[in-house]
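Peer 1: Spelled out from the first residue to the last, the chains are:
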Amino acid sequence: MSLGSYLASLLPIDLAQGLGVTGRFFFMRKATIQYPDVKPVPKPRFRGMFGFNEERCIVCHNCAKACPIAIIHIRDHFEEIEVDGKKKKKKVLDRFDIDVKRCMFCGLCEEACPTEPVAIWLTTMSYEMAAYERNERLYYDKERLQNWDGVQPYPGVVSPEAGQLPNDPTGGKAAKPEERR
Amino acid sequence: MAEQEPVTPPAPAVPKPPWEEKPVPPAPVEARTHAQVVEILNLLPDAVLGAVEFAGQITVAVPHERILEVCRVCKGALGYTFLVDLTAVDWKERPEGRFDVVYWLHRFTDSRRLRLKVRVADGVEVASVTTVWKTANWMEREVFDMFGVYFADHPNLERILTWEGFNGHPLRKDFPLEGIDTGAAIYPDVFPSGGGPVAGGEGE
Amino acid sequence: MANPWIAYLVVPFVKIVVILLVLILVAAYLSFFERKILAYMQIRVGPNRVWPRGWLQPIADALKLFVKEIVIPARAERLVYLLGPVIMIIPALVVFSVIPFAPEGTFFGLLKQPIAPYLTDVNIGILFLLGVSSVGVYGVILGGWASNNKFSLMGGLRSAAQLVSYEVPMGFSVVAVLLMANSLSLVKIVEAQKNAGVWYFLPGFVAAFIYFACGVAETNRNPFDLPEAESELVAGFHTEYSGMNFAFYFLAEYANMVVISAVTTVLFFGGWLRPFPNVAALAFLDVIPPFVWFALKVGFFLYCYIWFRGTFPRYRFDQLMALGWKVFLPVSLVNLLVIGLGVLLIGGPR
Amino acid sequence: MSHPELLEPFPDSEEMEISFGPQHPATHGVLRVQLRLDGERIVDAQPVIGYLHRGTEKIFERETYNGAIPHTDRLDYTAAATANQGLVGAVEKMMGVTVPPRAAYIRMMLAELQRIASHIIWLGTHALDIGAQSPFFYTFEEREKILDLFEEYCGARLTLNSMRVGGLPFDLPEGWTERCRTFIDQLPARIAEWERLLTKNRIWRLRTVGIGVISIADAVEWGLTGPPLRGSGLRWDIRKVFPYDRYDEIDFEIPTGEHGDTYDRYLVRMEEMRQSVRIIRQCLDALPDGPVMAKVPKVIRPPLGEAYFSVEGPKGELGYYVVADGSTNPYRLHVRPSCFINLQALPELVRGHLVADLIAVIGTLDIVLGEIDR
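Protein chains in written order, with the numbering used here: chain W, 17 to 197; chain E, 101 to 304; chain Z, 10 to 359; chain F, 23 to 396.
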């Protein structure tokens with residue numbers, strides 16, 4: 017290497033520039049969120065834990081068909097009910113199970129649901145559904161899907177049992193995303 | 101989507117934008133007279149079994165014993181210096197040649213692409229094109245691993261994605277979707293015959 | 010000290026205990042400060058869970074390492090495997106016996122007549138220092154070879170070659186100081202800087218830079234941390250160590266860092282002297298006691314160690330060697346000539 | 023090769039065989055490299071892959087076309103948006119669907135944001151492997167902002183599942199464009215900061231200049247695409263050669279290197295991030311309004327036939343070869359994996375270098391094992 021560049025290499029300007037950058041970052045605001053004490057605010061469209069509403073469900077099996085990995089299992093049967101004189105057959109939902117442990121939260125079931133507002137939705141802004149045992153605890157049946165036992169809703173989020181609406185998970189009091197830190 | 105020839109929307113009285121229209125799927129068109137196919141015909145007249153153009157892409161069917169020769173001509177004379185992709189399709193019901201080995205070539209001079217298709221029966225060897233393009237090495241190994249198509253004088257034709265002891269070729273249509281019992285085959289002393297981890301769902 | 014028993018037994022014993030304790034505590038807390046400062050440089054917070062705001066983290070680490078099971082690899086050389094970390098930590102601690110960190114004083118009147126806080130004033134101080142500190146490399150090589158693991162073997166051999174090739178320029182930059190101070194004893198060097206009225210950093214800044222750079226290389230620290238380059242050799246020579254063995258290696262590395270910083274302070278930055286000691290105008294600086302000056306300077310160098318670790322990529326092994334032999338060696342030689350000429354013309358202390 | 027003097031074999035060399043990975047911090051996933059070393063010099067390096075093989079292409083054959091999209095997220099799990107764009111584009115080509123302009127522009131923005139995020143992961147881990155720890159945290163802090171934008175739009179941060187055949191499932195939430203604009207306005211300054219840490223740093227240059235050199239001819243021979251090909255000097259990018267969505271209406275450049283070494287690929291990717299910012303800004307300025315979904319039947323049934331469609335992913339040309347038999351499930355859906363083909367050139371790039379360079383070369387190829395093993 018030429019003498020000029022050899023001598024130039026003795027002056028560590030580039031190293032000093034690098035030190036400058038890390039030096040400045042030393043005084044910048046830290047990005048760490050102390051998780052258990054400060055919980056990050058998920059966005060309204062965040063695809064988290066399932067919400068399910070039995071009244072709105074018309075048992076059309078669309079969600080079970082749309083699910084790429086077929087983890088929604090539905091059992092139903094027909095019942096004869098009298099509606100103003102005419103005998104009509106009505107589908108009644110027996111079991112509506114979701115194997116949440118294998119779910120990849122892609123949201124295709126929510127899109128396939130024809131009811132308005134949808135009977136099954138993921139925009140519940142709650143992501144804390146860890147469990148110690150996966151086969152029973154994460155295999156949600158109809159009742160547990162509606163009143164989450166074992167899921168910590170994000171503070172301020174209305175749970176489906178308390179009438180959460182898919183596009184309005186916090187019941188109007190939407191936590192502003194800026195509170196993230 | 102401006103492919104080689106932009107699809108010109110039909111111009112009804114009120115020009116509705118194409119995304120409001122019901123989509124018109126492209127139809128396969130006989131392409132023997134297409135420039136790219138004519139190029140090959142001039143050099144190797146009997147090497148082209150058929151040519152189809154679908155959605156703007158030319159597919160040329162080539163007899164499987166002439167594939168190496170056609171590839172050399174494509175790379176040398178016709179300038180297809182870039183092998184984009186090499187894969188296979190398993191047409192189980194088809195009587196004579198079960199597998200379609202598909203070569204997807206690209207030419208930098210005028211950015212044209214060409215698909216060569218070779219029909220080969222199960223167990224019949226196809227000449228390996230690693231001598232023409234080095235990149236074909238792993239692609240052919242994957243096709244062998246997934247379909248069981250043998251490539252003649254390939255440097256090291258072994259399984260690349262599944263492990264050595266794996267018996268069967270997963271992407272064949274007759275390979276069960278929920279996987280096969282692989283435990284006993286590899287660890288006979290650990291798993292009883294028929295036992296062991298079954299790829300795919302467990303139980304329910 | 011009238012009674013020899015006290016003079017040669019009790020006082021040195023007390024000094025040894027104090028110095029050893031302080032050094033180990035400083036080394037342990039250095040690991041905590043390193044993680045904290047490095048974190049602050051990387052816009053994160055670092056350990057803050059143990060005790061309020063993480064201050065007891067080193068104690069927790071030490072306890073964990075103490076309790077953890079010592080796993081010895083199957084076909085490892087048991088004796089050499091266990092000896093490795095010991096060989097590395099002993100020189101690191103022994104060297105501190107020579108380093109003068111404060112002038113003779115009466116400890117704010119506690120004692121009747123002044124005694125020297127540092128352990129000894131060996132008149133061949135620097136020779137002892139260089140000799141003992143290069144024993145540490147055996148700990149690395151033996152540890153790497155004995156743990157019967159290809160990766161640690163490579164780590165051990167690498168650090169051996171690295172230490173040997175950086176010992177030479179380090180020696181030359183130290184000789185430059187000897188020329189100026191005209192004495193091997195570290196205490197006299199500091200006094201020489203006091204009489205000269207200027208730290209040896211000013212005339213010998215090239216030597217200081219090279220000494221510190223070689224010091225970074227000696228302690229296998231970034232950007233020369235090849236032996237324990239995580240990404241290549243998994244963890245270098247101490248891959249197979251766990252529990253207290255690993256704690257010794259870990260502590261030895263930090264102790265070596267403190268030693269190198271202390272020696273740099275003594276040789277080039279005037280030990281416990283305040284900047285420009287004889288200039289009356291700066292008399293107000295004397296309010297800070299000498300020992301604190303020493304601690305501030307050592308702290309600055311330790312901060313530089315951590316700063317380097319947060320910023321620089323890692324040299325490849327052959328580049329590191331090339332740098333040692335083709336850049337540091339010639340430059341330190343030329344600098345030696347220049348300083349020698351300077352001393353000849355200006356005439357240093359007799 | 024750039025290290026002639028390293029190549030002559032030592033007379034009494036007994037080579038050491040080391041298996042590097044699959045659980046190794048520097049192999050960016052479960053890649054094993056069977057290394058034959060002579061001292062520190064690499065005599066031969068054979069990658070061994072397949073540890074993350076999930077049979078994605080077999081699963082595709084059981085899925086509906088829209089049901090296959092979540093699986094494409096998991097191919098190159100650091101670049102889900104471009105993977106979706108590829109599959110969706112292929113099926114749209116099969117059915118002759120033209121995507122409404124608003125959907126095309128939003129897709130381009132998502133793809134370019136994903137390219138920046140993928141390059142960020144590459145830079146963070148590549149610098150970390152070579153020893154510089156801090157860029158990893160600075161870069162990932164910026165990536166957090168991109169993931170926030172994704173989370174706000176489609177509800178997921180990594181596995182987006184953000185596109186459907188015919189357009190997009192839903193429109194942008196209000197205020198998204200402002201947040202996106204504030205992000206890309208401050209990004210160039212951050213990129214300049216990372217460059218100040220690395221580009222002129224002598225140690226970084228020593229570790230990357232002249233390492234893993236490959237000429238254009240060899241790169242084409244090995245089928246390299248993306249930054250590894252452009253680093254050698256060939257100006258070739260699918261977005262310019264076969265423009266899809268509305269890339270032909272956007273003005274941007276394709277950066278290329280000259281020597282084809284790790285340093286040039288580093289410069290190419292850094293420049294690509296700036297070009298992506300430029301693209302997103304133009305998309306934001308010219309974002310048309312209107313529908314985000316074309317008139318596409320509820321059940322997607324492409325006609326009998328086959329088509330290949332590729333997008334310029336962050337790692338190279340990501341292609342989808344769709345063979346349809348008229349039913350709702352693809353008969354065969356092959357993915358042209360850019361990382362799988364780029365990794366094939368590793369032995370040639372690394373022969374004659376030292377072990378430390380293997381780490382730099384794996385980093386510069388920017389491989390993701392999800393896409394390699396499928």
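One thing to keep in mind: the hints can contain errors.
As the list claims (entries may be wrong) - DSBU-like cross-link-like pairs, simulated, lysine-lysine; straight-line CA separation at most 35 Å:
| hint | chain 1 | residue 1 | chain 2 | residue 2 |
| --- | --- | --- | --- | --- |
| 1 | W | Lys117 | E | Lys273 |
| 2 | F | Lys320 | W | Lys103 |
| 3 | W | Lys158 | W | Lys104 |
| 4 | F | Lys262 | E | Lys116 |
To be verified - Distance ranges between label pairs, derived from CB positions:
| hint | chain 1 | residue 1 | chain 2 | residue 2 | range |
| --- | --- | --- | --- | --- | --- |
| 5 | F | Thr350 | W | Glu177 | 53 to 59 Å |
| 6 | Z | Pro298 | F | Asp60 | 44 to 50 Å |
| 7 | W | Arg118 | E | Leu141 | 52 to 58 Å |
| 8 | Z | Phe285 | W | Gly36 | 46 to 52 Å |
| 9 | W | Asp157 | Z | Pro61 | 35 to 41 Å |
| 10 | E | Ile280 | Z | Gly252 | 44 to 50 Å |
| 11 | Z | Leu350 | F | Pro369 | 52 to 58 Å |
In short, the hints are calculated from the structure, not lab data. Heads up, the beta-carbon is just placed ideally off N, CA and C, and yes, glycines get one too.
Peer 1: Take the C-alpha atoms of Lys320/F and Lys103/W, compute the straight-line distance between them, and say whether it is at most 35 Å.
Peer 2: Distance ~33 Å between Lys320/F and Lys103/W Cα, so the pair holds.
Peer 1: Falls inside 52 to 58 Å, the C-beta gap from Leu350/Z to Pro369/F?
Peer 2: Given about 55 Å between the Cβ atoms, the range holds.
Peer 1: For the hint 53 to 59 Å, verify it against the beta carbon of Thr350/F and that of Glu177/W.
Peer 2: violated (36 Å)
Peer 1: Please check whether Phe285/Z and Gly36/W have a Cβ separation lying inside 46 to 52 Å.
Peer 2: Violated, since Phe285/Z and Gly36/W (Cβ atoms, about 28 Å apart) do not stay within the stated range.
Peer 1: Do Asp157/W and Pro61/Z keep their Cβ atoms within the hinted range of 35 to 41 Å?
Peer 2: violated (46 Å)
Peer 1: Between Ile280/E and Gly252/Z, is the Cβ distance one that fits in 44 to 50 Å?
Peer 2: Given about 45 Å between the Cβ atoms, the range holds.
Peer 1: Are Lys262/F and Lys116/E close enough, with their CA atoms no more than 35 Å apart?
Peer 2: Cα-Cα ~28 Å, so holds.
Peer 1: Given a hinted range of 52 to 58 Å, is it respected by the beta-carbon distance of Arg118/W and Leu141/E?
Peer 2: holds (53 Å)
Peer 1: Does the structure keep Lys117/W and Lys273/E at a Cα separation of 35 Å or less?
Peer 2: Roughly 29 Å separates the two Cα atoms, so the pair holds.
Peer 1: Could one say that the CB atoms of Pro298/Z and Asp60/F fall in the range 44 to 50 Å?
Peer 2: Violated, since Pro298/Z and Asp60/F (Cβ atoms, about 58 Å apart) do not stay within the stated range.
Peer 1: Taking only the CA atoms, is the gap from Lys158/W to Lys104/W under or equal to 35 Å?
Peer 2: With Cα atoms ~25 Å apart, Lys158/W and Lys104/W stay inside 35 Å; holds.
Checked against the numbered hints above, the structure violates hints 5, 6, 8 and 9; every other hint is satisfied.
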